[in-house]
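A.B. asks: Modelling step: build the complete structure from the supplied sequences, incorporating the hints.
If you read the sequences in order, they're chains F and R. According to my numbering, the first sequence is numbered sequentially starting from 1. According to my numbering, the second sequence is numbered sequentially starting from 1001.
It is worth saying that the hints were derived from the structure and are not from the lab.
Footprint (simulated), chain R over chain F, 3 or more residues, beta carbon under 8 Å:
1. 2-9
2. 13-20
3. 97-103
4. 187-199
5. 218-227
6. 242-251
The following label-pair restraints were derived from C-beta to C-beta distances:
7. R:Ala1159 / F:Asp318: 54 to 60 Å
8. F:Phe267 / R:Glu1209: 48 to 54 Å
9. R:Lys1332 / F:Phe267: 43 to 49 Å
10. R:Asn1118 / F:Lys21: 50 to 56 Å
11. F:Gln36 / R:Ala1131: 43 to 49 Å
12. F:Gly33 / R:Ala1375: 32 to 38 Å
With a straight-line Cα cutoff of 25 Å, these simulated DMTMM-like cross-link-like pairs (lysine to aspartate or glutamate) come out:
13. R:Lys1098 / F:Asp219
14. F:Lys21 / R:Glu1017
15. F:Lys314 / R:Glu1034
16. F:Lys236 / R:Glu1091
17. F:Lys232 / R:Asp1329
18. F:Lys232 / R:Glu1310
19. R:Lys1095 / F:Asp226
20. F:Lys369 / F:Glu310
21. F:Lys80 / R:Asp1219
22. F:Lys4 / R:Glu1034
23. F:Lys317 / R:Glu1034
24. R:Lys1021 / F:Asp3
25. R:Lys1236 / F:Asp308
26. F:Lys88 / R:Asp1226
27. F:Lys21 / R:Asp1003
28. F:Lys236 / R:Asp1321
29. R:Lys1021 / F:Glu34
30. F:Lys21 / R:Glu1252
31. F:Lys21 / R:Glu1034
32. R:Lys1108 / R:Glu1151
33. R:Lys1098 / F:Asp226
34. R:Lys1314 / F:Glu34
35. F:Lys80 / R:Asp1226
36. F:Lys4 / R:Glu1017
37. F:Lys236 / R:Asp1329
38. R:Lys1021 / F:Asp321
39. F:Lys98 / R:Glu1216
40. F:Lys236 / R:Asp1318
Just so it is clear, CB atoms sit at the ideal spot from N, CA and C, and this is done for glycine as well.
2 protein chains.
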Amino acid sequence: MQDKLTLMIPGPTPVPETVLKAMGRHPIGHRSGEFQAVVQRTTEQLRWLHQTSNDVLVITGSGTAAMEAGIINTLSRGDKVVCGDNGKFGERWVKVAKAYGLDVEVIKAEWGQPLDPNAFRNALEADTEKAIRAVILTHSETSTGVINDLETISAHVRAHGTALTIADCVTSLGATNVPMDSWGLDVVASGSQKGYMMPPGLSFVAMSERAWKAYERSDLPKFYLDLGPYRKTAAKNSNPFTPAVNLYFALEAALEMMQTEGMESIFNRHARHRAAAQAGMKAMGLPLYAADGYGSPAITAVAPDGIDAEQLRKAVKDRFDILLAGGQDHLKGQVFRIGHLGFVCDRDVLTAVAAIESTLHSLNLGKTKMGDGLAAAAAALNS
Amino acid sequence: MQDKLTLMIPGPTPVPETVLKAMGRHPIGHRSGEFQAVVQRTTEQLRWLHQTSNDVLVITGSGTAAMEAGIINTLSRGDKVVCGDNGKFGERWVKVAKAYGLDVEVIKAEWGQPLDPNAFRNALEADTEKAIRAVILTHSETSTGVINDLETISAHVRAHGTALTIADCVTSLGATNVPMDSWGLDVVASGSQKGYMMPPGLSFVAMSERAWKAYERSDLPKFYLDLGPYRKTAAKNSNPFTPAVNLYFALEAALEMMQTEGMESIFNRHARHRAAAQAGMKAMGLPLYAADGYGSPAITAVAPDGIDAEQLRKAVKDRFDILLAGGQDHLKGQVFRIGHLGFVCDRDVLTAVAAIESTLHSLNLGKTKMGDGLAAAAAALNS
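C.D. replies: Structural data, given as structure tokens:
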């Protein structure tokens, strides 16, 4: 039904009217005092969200651009890096590192499983010559709905003493606790169409002082993604290139909404929605794809054993105007994913579970009694 | 006065309500059939605007990102290139080329003067070994309001036989004729906040078949700006990374408006506005900064001899809510620039001239009789 679509994908996520309206203003000059005020305010808000006193820089681009910027601004050709890979985004950072001629050691886990922090500790402890310059990993692996133990892995990196932690927090930031400073993260990359409750188009990269030291020796070629000019202009509440001015308006409004809700409340909401989505799926007899205890607070991947996930997903869209995400790459048809990231309330999660359950039964694919899923989800939301 | 600002800067340019409203919709999934339809339609529209049958790819980023993409996707480390430099953007492409280790020969002209096509012909004819891989230049130099003779320079490049023409058409495309195919341009880069009548955030890079051949041998490292995946996904009406979905909505609406107006009519409008701005300034005794006959159809730079350009510019903003652009770098205070690019009608130009004239006289800086400027501008608009 026209204009009735509800997004329950891991991005773009739903956008509040307040944010859409802020974005819909006429643009202003990006070198004007009025725009500088927006940059100043959003910079403070971004520091709040990242729980950091570091620079948080804004790039017009996707989350991949921010993550690439983090990598190419802190490393040099031939540098040894350790990349975690347990999904499509882990794979992507390996590709980026290789594209720039880095010497990449990959620590893998099966899709659906978390990265093993001990594997990182072992690699870092074995590196007595301190050749490893960075550990690159994904916090919330969007393709599999797995959350990796970034805190522990980052602690191992700190113990190493030389390496930086470069973290893809694209679907974790704003959904769960990512205290950049207290975890000692060096680069945190994220994107606007996720926990930020904004349309896509802006991405964010926070850089620690250690990361800036590494920037000084970095020799990888870059221009648009060279973070030096971003830092220099950010100090004057400006940008090196014309930024997406209207998305900045949206950013200011969205972060204001997040500050009003409060960080703890946001994280609790995401945890509650994860619990409800997981409980609902389990009660319908639909197995979760992520290993127990490692489900992402942003997204629940479901592997509906013996059921065509694409058929189910399409039927949910056609009948209920709810867009779920499909499986990526080899998971296509085997997995569907429920996004519960950003501007999502209890009603949305309850509705998604009910729509999935109803569709399952209408396709004669129900494995448990109609209503079991909804009951379990409701109970999880109430608890 | 709040919400009364009129932008007469070379970007962001004014945005029609139709475009703002299209942008203000709730985002949809970027992998959905509905979004594929938007990509398909805008791709056709972009080909129309570029007068080409080539690929026109959409990047979430600024015009600089598009231009950098054009350079790094067609060249290899150590390649010899010739860069035209007669302003801030010419300078920028020299910097980009050097950042990637290209061997750069710079052909300069003074700021305010056009590039000399013969200088390019001479350099290309002297290159009997065909070492020059590309000629990189800016069509409309935004910093100085000069339009370079891209058509003639491109013809010299074609005569060379090997080199590509990589053109920054950021403030020329949509303002004046840039027939990519008939001029034999290989890379055309542009940005949304210019002739496109859109907010900033999207940029565009069109690539000829010759450019794609060069892509195959290009060895410069890239990932977010690697155009190969953009081409591959564009063939399926999709994108390699999450694009700025809402800006795509705006793009579709803006290009529809442009198609309705018609290309000739758009170009004539820009030419008329250039004539009016130039006539108005001259009649007020304010010298134009660009050499005679080389004024850009997008922007008129004025060097108000003996008058503080920043003082005038600020007074026009304070009194009339019209934002003019200042001079960049060493031109700050010496030059102001009137943007007449994109969604600008005769009323806007007439008003800008009147506001500048009125401000000039109120500051007791008038050099001619009050009304002379307006009369000249009106006459130019009528002719």
